[in-house]
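Asks: Can you make the complete structure from the sequences, with help from the hints?
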Amino acid sequence: FVGDVMEMEFVGDGYYAEFPSRERRSRITVQELEGLSPISASYVRSADAFFVPMSDGQPKVTFERFELEGYSGPKPLEVNSDVVERDGKRYVELKGQLLRDAALLGAVGTLVTLLSKGV
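Heads up: the sequence shown begins at -6 in our numbering, then just goes up one per residue.
It should be emphasised that the hints constitute simulated quantities derived from the structure, not laboratory data.
Possibly wrong hints are sitting among the right ones.
The calculated label-pair distances, taken between Cβ atoms and stated as ranges, are [said to hold, decoys possible]:
no.: 1; residue 1: 0; residue 2: 101; range: 46 to 54 Å
no.: 2; residue 1: 101; residue 2: -2; range: 53 to 61 Å
no.: 3; residue 1: 59; residue 2: 97; range: 53 to 61 Å
If you're wondering where the values come from, they're calculated on a predicted model, not measured in any experiment.
Glycine included, C-beta positions come from ideal geometry on N, C-alpha and C.
Replies: Structure representation (structure tokens):
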């Protein structure tokens, strides 16, 4: 198993922020899970950053390594094809209704604007 590891920018006092979106993709590396340990971090909204507690100059880990023995990965979700088909039809209906309503409202708004200007 592998995991995406995203480098974060140190912003001071134990806080780490995501890089801007244009740089973020280049800061992600794929690494083997056997060599990774999940860290104990929490998002702080007021700082718009993650606080990472440290222990001996290293990020404090939740546990030493991921338990992979006997893990086969996530189970696939069962999808009810009848629901997907029904929702697809309803989506087409709603999309058509929205487009018709937007065109009608735009025409009415244009008409009201022209009449209010005396054209």
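Asks: Taking the hints in turn, state whether each one holds.
Replies: For each hint, the structure was consulted:
no., hint, in the structure
1, 0 - 101: 46 to 54 Å, "holds (53 Å)"
2, 101 - -2: 53 to 61 Å, "holds (54 Å)"
3, 59 - 97: 53 to 61 Å, "holds (56 Å)"
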